[in-house]
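Peer 1: Each chain, written out:
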Amino acid sequence: MLQLSIFLENSQGRLAQVLSVLAELKVNIRALSLADTKDYGVLRIMVDEPEAVAAKLKERDYVVSTTPVWVLKVHDRAGGLSEVLNQLVEQGVSVEYMYAFVEKAGEAAQVVIRVQDEQVMSEAVKKL
Amino acid sequence: MLQEEEMVKELRETVARILRVPYYQKRLGELGITQAEDIQSLKDFQRLPLTSKEDLRLNYPFGLMAEPVDNLVRVHASSGTTGKPTVVGYTRKDVQLWAEIVANGLRLAGVTSKDVVQVAYGYGLFTGGMGLHYGCEELGALVVPISGGNTQRQLMLMKDFGTTVLACTPSYALYLAESLEETGISRDELRLRIGIFGAEPWTEGMREEIESRLGIKAIDIYGLSEIMGPGVAIECEGQHGLHIDPHFYPEVLDENGSPLPEGKKGELVFTTLEKEGFPVLRYRTKDLTTLRYGKCEHCGHEGWTMDRVSARVDDMLIIRGVNVFPSQVEEGILAVGGLEPHYLLVVERVGTLDQLEVWVEVNTASFLDEVRELENLQERVKRSIEDIIGISVRVRLVEPKSIPRSEGKAKRVIDKRKG
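Chains B and Y, in that order, give the protein sequences. Quick note on numbering: the first sequence equals residues 1 to 128 in the working numbering. Quick note on numbering: the second sequence equals residues 1 to 419 in the working numbering.
Hints in this document: simulated from the structure, not taken from any laboratory. If you're wondering where the values come from, they're calculated on a predicted model, not measured in any experiment. Hints may be right or wrong, so weigh each one.
[As the list claims (entries may be wrong)] Going by beta-carbon spacing under 10 angstroms, a handful of chain Y positions derived as facing chain B:
| id | residue |
| --- | --- |
| 1 | PHE62 |
| 2 | MET156 |
| 3 | THR364 |
| 4 | GLU399 |
All C-beta atoms in this analysis are idealised placements derived from N, C-alpha and C, irrespective of residue type, glycine included.
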């Protein structure tokens, strides 16, 4: 799946501003994570039709990129994530970053994972 | 080189003209010079006092004119950041001479009577707009006197009129290129082929950026109102330095005002020849450059050629005792690749230490999803700038368009140490 990444300056209200724009564009954010440094941050979100949303944000002068990520279902209980992650590591997968979200319906949680090597990951996922 | 004797003869004529002005009479008189004949050699000439913007202010508005105001047909003025502007006057002959000088320069740059020239320099008291305008008319080109600003209209007319030559500041040219991409007008719909850019220092990197984005040849033009206006010097199509028009006598001086030999960098100083209304003696331009004398292999121009002005004395920042110019920072940013020359220098005093922060806009091409990559970019820009200026800097990545665009001269520095 494709994740949207948005470059944001670290300034008062900047995050709220971009979220308003997304609301205005009627974009439903399924999952979100924010990586930040002193001066700036990278907002990562999962949305429907990421490429269309990216184009609309670019029109509004946002710096945006789309990144391939993996979304995996894990059991929503203690050790659920650890189980999956350990299996991936055994298969040689390197995780760049990840974040999780819980679905409203159902028992599963989901994790968004960005890996270093797509090939290794696609092999590893088959063995889960 | 021109025979010294001949050169001295021409300079002597300027001195004779200048001696009609009471202010100069007094200043030259203090050095024992009461008549032009006292100047017998270049050495004598080099002893004459320098003229600065301050002298123009002291004699505001018409005190330095060598002709009665009745004989003047036009004035121009440059905006002073503080107080009164500096005023210059032109006789009918001066106005005609200026048009010929600009027309000659444009010819060297490859402009012909068949061109459509969009003059996007400001019209009015500033010499940029009208200087280019009359030069183009003299050349026989079709002038579009649109003046600065109103970017959407600029782009529309550029397309509809089939503009072939764009004249404006380099920073505005870049802004036009950016707006063009946004408006969705493709380069194939335009007939642009040459840019005549000046009125602010710019770098070779900026030239490459503009040339590739607009698909044109970007020519550097130089001038200042105190000397005449645009056209004092201009590049030919060969783009190897700016050829100085023979109506201006250049010198390059060191910090103490002593003449420097060819090839040495210092402050550029001009004396006008043949100019009537406002002749000027050894005027300090505050621009830093080097001079060389000779014949241009490309266009055959014979005389003085100056390097592109890399910096202005006024733009120089002294940070922790080191001289820093915005153009050096620009060079550093562009050397990294993938970034655009939209930047701002912010100087602050933290405790007792000066700190230089450089803001650079991130663009889609340079943005990667990972913070590590952004930090890497930040680090590369930092090192690239530090290699050039020699002091440490903090680089701050900012969002696109967050640094204000200019329709005239770009503002590159915020110095918080002042006031």
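Peer 1: Could you run down the list of hints and mark each one as holding or not?
Peer 2: The hints, checked one at a time:
1. PHE62: violated (48 angstroms)
2. MET156: violated (20 angstroms)
3. THR364: With a minimum Cβ separation of about 6 angstroms from chain B (threshold 10 angstroms), the hint on Y:THR364 holds.
4. GLU399: holds (5 angstroms)
Going down the numbered hints, you'll see the structure goes against 1, 2, while the others check out.
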